[in-house]
Structures are given as C-alpha cells and as structure tokens.
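Start from the sequences, fold in the hints, and give me the full structure.
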Amino acid sequence: MQSYLTRRLLTLPLLLLGISIISFLLLNFAPGDAAEITLMRQNGGVAPSHEAVQVLRQDLGLNDALPIRYGRWAYSAVRGDLGESYRTGGSIAAELFHRLPATLLLAATALALAVLAGIPLGVMAAVKRGTWLDSVCRVLALVGAAVPNYVMAPALMLLFAVKLHWLPAVGYGSLENLILPAVALSFGTMAQLMRLTRASLLEVLSQDYMRTARAKGLSDTTVVWRHGLKNALLPVITVLGTSMGYLLSGAVIIETIFGWPGIGQFVVTGISQRDYPVVQGFVLYVAVIFLFVNLAVDVSYRFLDPRLHFDNQPS
Amino acid sequence: MAVPTGLAETLFKQDGNLNTEPWLASKAVQGESTAWEITLRDGVKFHNGVSMDAEKVKGSLDLALLRRPGTRVLLDIDRIEVKDRLTLVIHTNSPNPVLPGLLTNENTSIADPSTVPTSVDDSAEFASMTGPYKLVSFSADQTMTVVAHSVYWQGTPALDRIEFVTFNQSDTRLIALQTGDVDIAVELSPQGAVVVGNDSSLDVRTAAPTGMLFMYVNHESPKMQDHLVRKAITLAVDRDLMASGVADGHAFPANSLFPPGFLSCQNTSGYAYDPETARRLLAEAGYADEDGDGIVEKDGKALELVLQTYPERPLLPPMLEAYQSMLKDIGVGAKVQIVEWTLASQGVYDLFGYSNGTTTTGDPGWALNRHILTGGDENRGNFSNAGVDELIGKLSSASDPVQRQLFACDALQAANDEVALVPVMFPTRLYGVSDSVNWTSGPQAARIYFIDHLIGLK
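Those protein sequences? They're chains F and V, same order as listed. In terms of the numbering used here, the first sequence opens at residue 2 and continues consecutively. In terms of the numbering used here, the second sequence opens at residue -7 and continues consecutively.
Hints are computed from structural coordinates only; laboratory data are not their basis. Treat the numbers as computed from the prediction; the structure is a model and nothing was measured. Zero decoy hints are in this set.
So the derived list for chain F, only partly shown, Cβ under 8 angstroms to chain V, looks like this:
1) His51
2) Val163
3) Gly260
4) Ser273
Using N, Cα and C, we set each Cβ at its ideal position, and we do this for glycine too.
Take a look at the structure:
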C-alpha cells in the first residue's frame, strides 16, 4: 500500500507537467490576441491602435518564443506564483485562494445534497423495483441526466424566486442564498448517483450471498443497508470521486448564472477576455483536484473491498 | 468603469446630442494648432478633500499617459504645461482640433496623482477622484460599494450608498430585478425588456444608440472585389426588418456610419432596401442562376459568402442569420460562422458582423479615421480608396466645425458609394428600473455616463 502510494505521488508532478504543457499549447493556438483584448477593455470598448497593441505585447512578453513563455510561467508556478491577470493586474494565486471558499462551499453542499438524496432514492428504487416509486425515481434520473444545469438554474430561479418568492435568486452569505445554486449544481450528480446505486444494488441483491443472508433470518433492512449497499457502493464511490472534480470545476457555470462570488465568474470572464494566465492557473487548479480526488478514490477501494490490493505481495 | 459608476469625471463630457461640453474644465481655447489652453473649474475637491488645481490635473494626465499605452496613442500629447493655478496648456505632437472630444475618454479621468501608483503593476482603484461617489470596497467581477462624496462640487449626492453587483448573464440581471434584489439592471436583452415592460412595478428605460451593428467587408476577398457585388449585398439588407425583428424594435435602421442626428447630411447618403436592384446589379456583374438552385454563379462558380461574427453581442448571431436569409433572397449563398471577435482582423471571411461605437468623441473624424481610412485601427476589412483618404485628410486638418461637417459628409458619401462596410442597425441601450428609483436625469445619451449625483430613491 505504501509503495503504491509513493508510486502514485511520484507520478503526480509528471502528470501536472504534461497537463500544463498541453493546456499552454492549446491556449497559445486559440485565436485571439490577449494584448488587443486587454487594451479594448481598458479603452472602454474602443479598439486600440496597432502601435499600442505592439507595445503591450512587448510588455506582457507575448512576443517571446513559446518555450521561453512556458518556462517563465512554469518556474513561477512551482513557487506558488501563477502570475498576474492581464485584466485586473492582481495575483491569480491570491485571487483563486480568495474565491476558493465560496466555490468549495457550493460544491461541497451540492455533493452532500447529491449523496443524501441520490443514494437513498437509488436504494428505494432498487428495493421497490417495478413500483410507482421506482418509476418516479427513474423519471427523475432521466430528467437529471437530460437537463443541463444551465437550463435547470434559470428554471429554479423563475419558480422559487420570481413566482413563489420563497428563496432569493441571487446573493451570497446566508443559507437561503445557498439553496438554489446548490440544488441546481447537484441535480445532475444526484440523478447519476441514484441511477448507479439502483443498478448496482439490484445486481448485488441478486447474488447468492444475499439469499443466504435472508435465509439466516436477517431483516430486509439489515440485508439491504448493511450487506447489500456496502457491496454496491464501489462503482458509486468511483463516480462520487469524479463528481467532486466535476462539481468543483462545473460550479463555474452555476456561479456565473447566480452571480456566486467563487472562481466561476473570474474564470469565465478570464476565458472570454483571453486572460491566458487566469485560464492557465485554473487548468492547473482543476488538474490538481482531479489527480488528488482520483488518488483518494483509488485508496478508498482498499478499505471498501479488502479483496483488492495494490502491491504485489499478498494482502 | 470609474466614470459610469460615479467615481470619476473627465475634463470634458458629451451632452445629450453627443457634443463635447466642459465638465471639470470650464473652458478650452485652441491657441496654436498644436496647443490647447484649458481652464479648470474652481472649487472641485478630490475624495480625500484635496482641491483640484492645474498641477494635480497635469499630474493625473501624465500618469494616464504613462500607465496606458492606448491613451498615449489616442491623445498624442507632447507635453502639458501649467500656466497658473487653474489653467494648463496641452501641447500635441500634431494639429488636433478635437482634443477636448478625446478628453471625454474615461481613461483621462482626473485623480489626485499623489494617490495613483506610478507603477503600472499596481492597481489604481483606490485613487482619489472627483465624482459624486467614492469607493469603499471593490472585488473584480463581483461587487463594488461606493458612498456619497459629501463635498461634491455639483451638490450633495442623492444616495448615501450604492452597491454594484456583477451578473454576466442578462437573464440573471433580469431575474434579480424582478425579485427586487437590484433596483436597476443594465444591458437588458430585447426579450428581457418585453418581460420588464409587462411588469407594472418595473419600467424599461431606453437610451439613444451610440454603437452600431454592421458588417465588415473583406476588401481582400476575391468575391468582394466587384463593386457591383458589394453594392448588391448592401441593398439586400432589410434594415427595418432587422430593427423590428432581430432587435424586437429596440434599434434604429443604420443607413450609414452614424446614428440619426449626428451629421446633418447622413440620411441623403445612406443605403436603401432594394432587392430588385440588387438582383439586377448581380446580373450586370455577370452572375446568373444557371443550375436553378437559387444561388447565382459566374464562370461556373457559385456566389457563396462566408459570414462570421462573435457571440459576446447577443444581437450579432441572429442578425447574421437574418442577413443569410436576405442574401438568399437575391440569389447569394452564405455560411454563418460564430468565431472570436479578434478574427475580424484576420480576413478569413467575406463579411464579419461587428459592433462598435462611432460617436465616442462626438466628432465624425474619429470614426472615419479609424474605420474607413487606409490602415485605420478599426479598418479591419482593409478598405482602401485614395479619394476617400484624401477627403478624410481634409477633415482631419480642418478646425472650423461647419467645414468639418462638410468634409465629413463628403467622406461619408464617398465611402458609402464604395461600400466600405455594410451598416445594419443602431441598437438602443435598455435599462430595467424598479419603480422605487427616481432617475429623471437618465439614461444619458453617451454610454459612459450612468450614475450621477441626482439619481436616487423615491
């Protein structure tokens, strides 16, 4: 286990290096000139002169060769400095760090909602297979998978804020403000967890050892929740792990719609304004999250299913 | 954003007719052709309580030139000289009859230079300016809070505090207005304006257009070389339908480069909707639909155009789709592509849908120089015509306002004759306002003015 962990941790820097080079190249080949866009914004929407664009390109180092620009960025990044935003002039690392709590709060709440609703509903749908409850859950799962969160979000706003006046549409700082964005963000993941839990549990419930458990006289509740669910959770945990990464990065769209003060608005504006350092910093942030979440998921398998082992020696 | 949010002011501003008028300055006189003597208003105080004088204004403008390369090129100032406490002389590198108009640019807003960092790496957001409100807190792309500047030179501001909140999505701005989370929502979509108009507690306020939606013609594209083809695709645009349909009535048809009323002559030189003549011009140019597929051909090659635009201006993509259909009506095929706006300079299109201000300085020479003149900064389709350049040159060197109008009209007519670009419509700016807001002073004609000391609550 220890050598497995060491091996995985040692590959992380290499993976990050690869991801950062690819994203740097992609951004570089994307159309659009950061200097021109920056000046246009500074000039209040008025296009800058060719001369001004050239001066700023020089100032920003955009005329340097690609490897030099990448090397400069990577050297700073390993020291924790992701550079400065072309747009605001502020430190990107500081900006991401400042906005991260709001994004984490939203993503964690959405994940909690998805788990607390998705897994029990999936279990109920499996146990009550073929009943109206199962049908409702399956329709819900279908809607959750089919309706993107950028459609769900305005729909929730219109219903609960504009029509019913139950919840605020926008804002930050109170529990009420959190409900709509968290529900909108969690809906897709909740549906996915529900579907997966149902399918996985149905498979487990049909196994011989489950029949044995029932034959021993255990109650249905014990059979399903203690023996069935534990065995059915392995694929669910895998999805949960990737969902955390998607929720943290996918919160970007929801944050933009609800005006949530996380990294979302910062990144979306950064992308549309060709603020390369911001986009590059965000890609690195998402990559780090995904790598560590994947590692945590892999390690959790060891505890959930003792049959799995990572090292060559027998466990 | 310091001027629209009531934090900063410039030496000059644009009035309701987009003409230049003094603001922090009280007078401007052009002595020599390269020197403007500017008299400042007395009694203006910065947010830190310090009085504004010529030394402070010189320092502020010098810093603006140092910190912003775009402003340096725009103003082309040689040096600024302080004559006395309230008078300074601005020397330009070349004759500049419209310097006061250029000094309406918000990057020339006046701040106490001792509060502005000299390094371009440091933010100047907390500089002491002169507007009716002063900054309390600021978070980029999120929120900004301002409070009243109690010794503001035009009187006490009507509000104690204003909070600005950023919502990138126009639908979110609309919903925030409907739920009462905000009192004013800016930049509503035409569809959003319909929703606001149907709500008795809300009001739609419309500001005159300052920007234009138009098509750059790629003058280096082989298909666009024939003047008759350019003329035909211009006559194919039903601008009334664009304004009433695509913009839901929240736009004026654009027959030329400038919005109605900006130049006395512009209506006579504009384009009309005339598909019959457009078809005839294409036939004259040698195009005919020989294979009966509805698209004209010449030498066996169909006249298929590439139309590009960018998504940030919501009206542009539907405008191009409507234009595609209007072109089809005269037998011209078109492909619509949604791309980055900076590709407008890269010439891989025949026509590029774009949005730009043409009245920014209140002077027609500014837009003609940038959009029409050979090599102009906004001449992204590379239009070039010696006759038009000569007329714009005459305009640039003339200082008499009447003479400038005449040269501007001649240049505009010549550019229209050559179809330098294809104007489509001038969209109005839409604000959604709660009925609790008292906003008799706005919205103002120029886009850069929004919050003033009069806007308040009932």
